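Student: Letter by letter, the chains look like this.
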Amino acid sequence: MTHPATTAEVRERLWEAVAAGDEYDAVRTVRAALADGTDEESLLLDVIAPVQHKVGEEWAADRFTVAQEHAATAINERVVAALAHHRHWDTGQRGRVTVACVDGEWHAFPARLVAEVLRLRGWRVDYLGAQTPTPHLIAHLHHTDPQAVLLSSSLPTHLPRAHSAITACQAVGVPVLAGGPAFGPGGRYARALGADLWAADAREAAAALEAGLARPAPSAVRQVVDDLPHLADQEYTMTVHSRGRLVKQTLTDLEDRFPAMRGYSDIQRERTAEDIAHIVDFLATALYVDDAEVFTAFLTWTAGILQARRVPARSLLAGLDALMEQARDFPRTLGLLQDGASAVRSHPVPRPDTRV
Amino acid sequence: MIEHPPAEFGLTVVSEPMTLTFHVTGELDYDTSGDLVHCVVEHIDRHPGPREVRLDFRALTWIDSSGLSALLMIHRRAGAAGAELRLDNRPGFLDDRLRLTNVLEHLIGCAQPLDAGTPEADGDATRAGVT
Amino acid sequence: MLVVDPHGDLVRINRAARTLLPGAGHGDSLHDVVPSWLSDAHQRLVRRQGDASSVAPPSGAIDERLFEAHASASADGDVVWWLVDDTGRHLAEQALHTAQERTDILAQVSSALLSTLNADRCMEMAAAMAAEHMAEAAVVLSPPHGRRHTLTYAVRGGPATRVNRQIDPRGVPGLSEALQGFPPVPARWINPDDIPDWLLPDGFSAAGSVIVTPLPGHGVPAGALVLLRSSTDKGFSEGEEIFARLFAARAGAALSAARLYTEQAAITATLMRELLPPVLRRTHGVEYAAGYRPAKDNERVGGDFYDFHPAAEPTQETLVVLGDVAGKGLEAAVLTGKIRNTLHALLPLAADHQEVLDLLNGALLSSHHTRFATLVLASVSRRAGRVRLRLTSAGHLPPLVVRSGGEVEQVPTHGTLIGALPVVTARTVETTLAPGDTCLLYTDGITEARGGPLGDEFFGEPRLRRALAECAGLPAEAVVERVQMLASQWVGAGHHDDMATLAVGAPRTGPLTVVGGTARHPLPRSGR
Numbered sequence: 412m413t414h415p416a417t418t419a420e421v422r423e424r425l426w427e428a429v430a431a432g433d434e435y436d437a438v439r440t441v442r443a444a445l446a447d448g449t450d451e452e453s454l455l456l457d458v459i460a461p462v463q464h465k466v467g468e469e470w471a472a473d474r475f476t477v478a479q480e481h482a483a484t485a486i487n488e489r490v491v492a493a494l495a496h497h498r499h500w501d502t503g504q505r506g507r508v509t510v511a512c513v514d515g516e517w518h519a520f521p522a523r524l525v526a527e528v529l530r531l532r533g534w535r536v537d538y539l540g541a542q543t544p545t546p547h548l549i550a551h552l553h554h555t556d557p558q559a560v561l562l563s564s565s566l567p568t569h570l571p572r573a574h575s576a577i578t579a580c581q582a583v584g585v586p587v588l589a590g591g592p593a594f595g596p597g598g599r600y601a602r603a604l605g606a607d608l609w610a611a612d613a614r615e616a617a618a619a620l621e622a623g624l625a626r627p628a629p630s631a632v633r634q635v636v637d638d639l640p641h642l643a644d645q646e647y648t649m650t651v652h653s654r655g656r657l658v659k660q661t662l663t664d665l666e667d668r669f670p671a672m673r674g675y676s677d678i679q680r681e682r683t684a685e686d687i688a689h690i691v692d693f694l695a696t697a698l699y700v701d702d703a704e705v706f707t708a709f710l711t712w713t714a715g716i717l718q719a720r721r722v723p724a725r726s727l728l729a730g731l732d733a734l735m736e737q738a739r740d741f742p743r744t745l746g747l748l749q750d751g752a753s754a755v756r757s758h759p760v761p762r763p764d765t766r767v
Numbered sequence: 028m029i030e031h032p033p034a035e036f037g038l039t040v041v042s043e044p045m046t047l048t049f050h051v052t053g054e055l056d057y058d059t060s061g062d063l064v065h066c067v068v069e070h071i072d073r074h075p076g077p078r079e080v081r082l083d084f085r086a087l088t089w090i091d092s093s094g095l096s097a098l099l100m101i102h103r104r105a106g107a108a109g110a111e112l113r114l115d116n117r118p119g120f121l122d123d124r125l126r127l128t129n130v131l132e133h134l135i136g137c138a139q140p141l142d143a144g145t146p147e148a149d150g151d152a153t154r155a156g157v158t
Numbered sequence: 002m003l004v005v006d007p008h009g010d011l012v013r014i015n016r017a018a019r020t021l022l023p024g025a026g027h028g029d030s031l032h033d034v035v036p037s038w039l040s041d042a043h044q045r046l047v048r049r050q051g052d053a054s055s056v057a058p059p060s061g062a063i064d065e066r067l068f069e070a071h072a073s074a075s076a077d078g079d080v081v082w083w084l085v086d087d088t089g090r091h092l093a094e095q096a097l098h099t100a101q102e103r104t105d106i107l108a109q110v111s112s113a114l115l116s117t118l119n120a121d122r123c124m125e126m127a128a129a130m131a132a133e134h135m136a137e138a139a140v141v142l143s144p145p146h147g148r149r150h151t152l153t154y155a156v157r158g159g160p161a162t163r164v165n166r167q168i169d170p171r172g173v174p175g176l177s178e179a180l181q182g183f184p185p186v187p188a189r190w191i192n193p194d195d196i197p198d199w200l201l202p203d204g205f206s207a208a209g210s211v212i213v214t215p216l217p218g219h220g221v222p223a224g225a226l227v228l229l230r231s232s233t234d235k236g237f238s239e240g241e242e243i244f245a246r247l248f249a250a251r252a253g254a255a256l257s258a259a260r261l262y263t264e265q266a267a268i269t270a271t272l273m274r275e276l277l278p279p280v281l282r283r284t285h286g287v288e289y290a291a292g293y294r295p296a297k298d299n300e301r302v303g304g305d306f307y308d309f310h311p312a313a314e315p316t317q318e319t320l321v322v323l324g325d326v327a328g329k330g331l332e333a334a335v336l337t338g339k340i341r342n343t344l345h346a347l348l349p350l351a352a353d354h355q356e357v358l359d360l361l362n363g364a365l366l367s368s369h370h371t372r373f374a375t376l377v378l379a380s381v382s383r384r385a386g387r388v389r390l391r392l393t394s395a396g397h398l399p400p401l402v403v404r405s406g407g408e409v410e411q412v413p414t415h416g417t418l419i420g421a422l423p424v425v426t427a428r429t430v431e432t433t434l435a436p437g438d439t440c441l442l443y444t445d446g447i448t449e450a451r452g453g454p455l456g457d458e459f460f461g462e463p464r465l466r467r468a469l470a471e472c473a474g475l476p477a478e479a480v481v482e483r484v485q486m487l488a489s490q491w492v493g494a495g496h497h498d499d500m501a502t503l504a505v506g507a508p509r510t511g512p513l514t515v516v517g518g519t520a521r522h523p524l525p526r527s528g529r
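Sequence lines, in order, name chains A, B and C.
Using this note's numbering, the first residue of the first sequence is number 412, and each one after it goes up by one.
Using this note's numbering, the first residue of the second sequence is number 28, and each one after it goes up by one.
Using this note's numbering, the first residue of the third sequence is number 2, and each one after it goes up by one.
Simulated from the structure, these hints should not be mistaken for lab results.
Every value quoted in this text rests on a predicted model; they were computed, and no experiment measured them.
Some hints could be false.
Here are the simulated SDA-like cross-link-like pairs (lysine to any residue), alpha carbons at most 25 angstroms apart as the crow flies [claimed, not checked]: (1) K659(A) to K329(C); (2) K297(C) to G540(A); (3) K659(A) to T648(A); (4) K297(C) to D56(B); (5) K659(A) to D457(C); (6) K329(C) to T648(A); (7) K465(A) to R507(A); (8) K297(C) to H652(A); (9) K297(C) to P546(A); (10) K329(C) to P546(A).
For reference, chain A alone in the conformation it holds in the complex:
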């Protein structure tokens, strides 16, 4: 007398299996739902995707270790593989597309889901996986001549590399559909980098492909400054080139301000250096796309993470201060750092979201 489980119930069961590290139970749960008649696309996007999202949130809220997060993701990967294994599909009656992650991007799960959804909808999909070097991507395009490339990136710091991938694909006449949180709210950076289209999720991406994407006029590769003329001021280049020096100087300044830091162990010191390096990386990204949002969003998110780990935002502000000292001659950099500092000060500090 059991009724077929609702999507919400399946999601809850899968989450329990994943959180417990139980691969077999996880696969069983999803297969049972499929047998009960739950639509496969819905399993991928309304069950597995939110569960994976929650894995990330649990990590952010300090309730998952790195190892737990890896294990949970590995289980979700196997759940997706188990679904695909069961499937009989007619490949490719719609056409051929390529799904890849930007070089440097290890976060492949969202791209994997997109690839599976497109296969379900009848596309022939070449899934190139995490961190695809752009030369490999282009060689693949020459070889297969797909109708589109779906380019995924999660971390905004990969935007410069995403940009060179986008222009390279377009120069060989293949349109690029960008997706993933790296491309900003509403895909604003995807537009800035000249992507042909941006999609918020797998369903939107599938709909866009079904509507048809025009091929870009094949031509010479666009230069970076053709899309982003502000880069002519060299502030982005300078920031990237002097990253190590900026981090070292900021560390020294922080030690002057917080004498307690001099007692740090090597490991603690390296963690602090890594934190500063991340700030510099996001600063460089904001300079690249000329948009403070990418920097302020990172800083307020970081403030939330620090809060979850009981570290006061004071240290973050001090780091920004030290960077401002070094950026005095760079107006655009200085402006971004000021925007960042005021964003941290006015940050409401919510606990990271924990609902599925």
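Following the hints, position chains B and C against chain A.
Tutor: Showing chains B and C alone in chain A's frame:
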């Protein structure tokens, strides 16, 4: 604001009646080890008959597996010319690599005790031998 | 010269004008004897009361020639029209305009076609552009593969379509010659009625005019181009035939380059297949996983290598090997291929690692060079839930074992590098993995990855050990992925050497119980 590039590779040669000495500066790696082999072999061939070929590594900043391959080749060529190879002022990372690959004894021979080549232990004693 | 009064009547006409306008005579109405462009211009001029200075002289055709009419007012209100024959200049200008347009088109064609190295795509673009700029429809024919040709059709404004079919090119005048690279047959020699249906794109019922021209390639013909117009009135001019040849030269060069690239890529892929690292999988109850990243992003192989020889029976040993040869790129990769082949041949002797290394050393020794390899051999078997490993390092970094509780141990195996010295020695060490333990083999590309927050530090073994401690209890695949990711992120966009890792894991029994307390890294999830 630009970072400094890694130390430039450099080579100075001192040619004496019995001894050829090469002072190696910077990184001995894939890009530079060919130059070292070429230079050393050329000097061995031109020299009337050195008893010793000495590589001085006081200013060496790094060595990779290509660099090690170069040392093995120089050892072979020096041996063929009847000269003994000595590796002077070896930094710790060089000894680590020679020990890991088990070629320390082969390269420096039994005549040279294991720790004789380290900068701390040899110092002036080796330099005195040059004169 | 004509003199016309304000009412539009001819007052005088000189001999030259009379030759041009044979019917015209004194007193005739201008309107009746000259084309309207001139009579209208006269009316406009009269209305403006003779001020001819501010307007460009009117121009137009009389019979087959072009004239410019220059007006000058005479004192009595009559207008003197000087007719200047402008045919030559006009033709020259038109020719110049056409030439410029064609140069632009050719530049555009070259740039567009050279952007793709995919031969099919290249043919589609060539057909579409030919239809767009020179005809109503175009067909690109590839040289034959066996008896079949690839035919790419395009109708102006429509998408290109492609079919592979058996055809008889001799059915089209000039086509089989064009496909063999002979000079094109003049368009006027081709009877459009001879064009078979298979050469007509869908929706193109009959050909009126046809050009067949070869696509010259690099040394070998790259195919043929057929241009079609539906009506016989608009035949191809001689200039258009020449232009079609120029277009075909560019399309042929681009198509040749694309075919050459495709062939080269296929050859490389075939040769590379032997050199690519193998895919590892769970075998006889033991987890195996490996990761590889070559030093250069445009290469797929390098000097690091690993191999996997699963045992035929669960009771036998599986042999895995991971190593590194001095050098980089394809040259180094070829040596790794030799090592892997030799080791494969030595498999029956794998019970004795020292013997395997002796024979491998002998096979690699060369008097010409001292290019050596370092490697670790691991023989793996499983009994009663525990995994037994026999490990031998030949001059390579010793393996690390991470226990399920998070302790990291170095396996103290040590030996001589392979391929440079006449005699090699090595010590084999045995270790056992309990469920949840993992053994990691890695190359120095991991520990010598340079970068980090300060930009100039080695990743180093202590960091690798710390990273492994966090991986306690993870499946082998996750351990490999995490180590490769951390080392890659350590170097960032900077230069790095080849990086390879290989993990052997004893699977956990039951669900994961995570050890190691709280998560430690407060900043971005640069990875998952």
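Student: Could you work out which of the previously given hints the structure breaks and list their numbers from low to high?
Tutor: Numbers 1, 6 and 7 - these are the hints that the structure violates, sorted from lowest upward.
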